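A.B. asks: Given the coordinates of chain A, work out where chain B should sit on it, guided by the hints.
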Amino acid sequence: MKNEGDVVRDWRALTLVVLTLTVLIFIANIHLEVRGEVEDVDILSRFAHSAIISFIFVNGALFMITLALSHKHAKLVEQALGTLLAAVVGALLYGLLVDSGMTVTGVATDVWSQFSIGAIRMLTAEFAILLSLSASFGILLTLVTGRETPSDPLLELESTSFESEEE
Amino acid sequence: MLGLTLIWQYWLPVFLLPLGIGLVVSNESQRRFTGKVLLVLLTIAIIAQPSPLDSNPEGWSLHLLISLIGPIIAMLFGIWFTLFSGPIPVAPLPRKVRPFGFALMILSAAWFAWMVFEARPTIDGVANPWWQHFVTSFLTAQVVVAGFAAAFALIMGDSRFKEASVMAFISIASFLLLIYLLAQGTNSDDPVFWRSASWGALGDLGGMLFGSGLALMIFITFVWLGEKRMGVPESVEPLSEEESATIRDIISTNSGVDK
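Quick note, the sequences are listed as chains A and B, same order. By this note's numbering, the letter at position 164 of the first sequence is numbered 164, and the numbering carries on one by one without gaps. By this note's numbering, the letter at position 115 of the second sequence is numbered 115, and the numbering carries on one by one without gaps.
Simulated from the structure, these hints should not be mistaken for lab results. Remember, it's a predicted structure, so these values are computed and weren't measured experimentally. Since no wrong hints were added, every one of them can be taken at face value.
Which chain B residues face chain A? A few, computed with CB under 7 angstroms, are given here:
(1) Phe210
(2) Leu214
(3) Val223
Some chain A residues flagged as far from chain B (calculated, every beta-carbon gap over 12 angstroms):
(4) Leu92
(5) Gly95
(6) Leu96
(7) Ser100
(8) Thr109
(9) Glu156
(10) Leu157
(11) Glu158
Beta carbons are placed, not taken as given, at the ideal position from N, Cα and C, and that holds for glycine.
Just chain A, with the same shape it has in the complex (with noise of 0.2 angstroms):
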């Protein structure tokens, strides 16, 4: 059986493998830009809309989920409040990053274009991510459950007769 330090130290491993992972892929993709020609990407104005955009939806989306999941006995208005608020000031903020000219290229500066073209984009890649996650662990879970096990040599022996034994 592992111990909680076993635990710490193997997830740090997983931790440390996504990491290089993420970094090798940044990599690749600076050497491959400075190598050829590439089209003008602000990287940090997508990395700022994105973060606000997935900011409001994660929020607006367990705003409604606490409100389907609310009931009599669930004192659930910090979390509705919160969360519903905590929507409202992220849609702010996108507005003022817009307005004040920190804008995606190729789209009408208007804050709307920015944020529906925004927002598709996410979801766009937000069902990459769901794709890959359920193509990779179905890969995985068939292959993990394929491995045939001898059978429990328990579920073979017969029940005894207390009675007869008594006897």
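C.D. replies: Only chain B this time, still in chain A's reference frame:
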């Protein structure tokens, strides 16, 4: 007019989707029913959108979804057949179905590769503008997720070298495919566009990770504050004679032992 249609038949269903899902997973049957009706109505609203799919970015995103239905269904059925025809005691399918499941998974991967290299989704010769963003996001996520799955199988599992090798192969293959697209491009698209899409997708994925993580942390804080304000529950009164008698009756009925 088009803007109003899109709000009613695209954005509103997108915003109400979490409400429908929340209702469907609820414990009460009445809410579950309401959730199912809501999800059906949202689907009908999106499908009944009158504007052509190639007339706006929202329509193109739906076109992307429709274009990928083939490979997705092949992959899902492949996983289902393979999983339930293996040595598992729950709802087993015949063993001979298992190779067919693997074949469906390979077909799904080949179909996707064919779309990437030969058949980019189009409407009347106009290419889908979200395609490159989707492919680069998918491959980037696949490298990380399959790599994580490989390490997970190796570290957490017991002698899972074969499973880890397959997942590592998927991760490396996705990485090589991504690099190939960035360096060489495809028949329909110059590598410049792939590089730009990949670079932008990295910004989007990083932002999503940061924004979603922050939102979840704030949510956890709200839950913690709510729990903190609830106070200590009042002590429960001991059972009355009548309640004790009822419980004794139930126990004796179920255990068959006389009270």
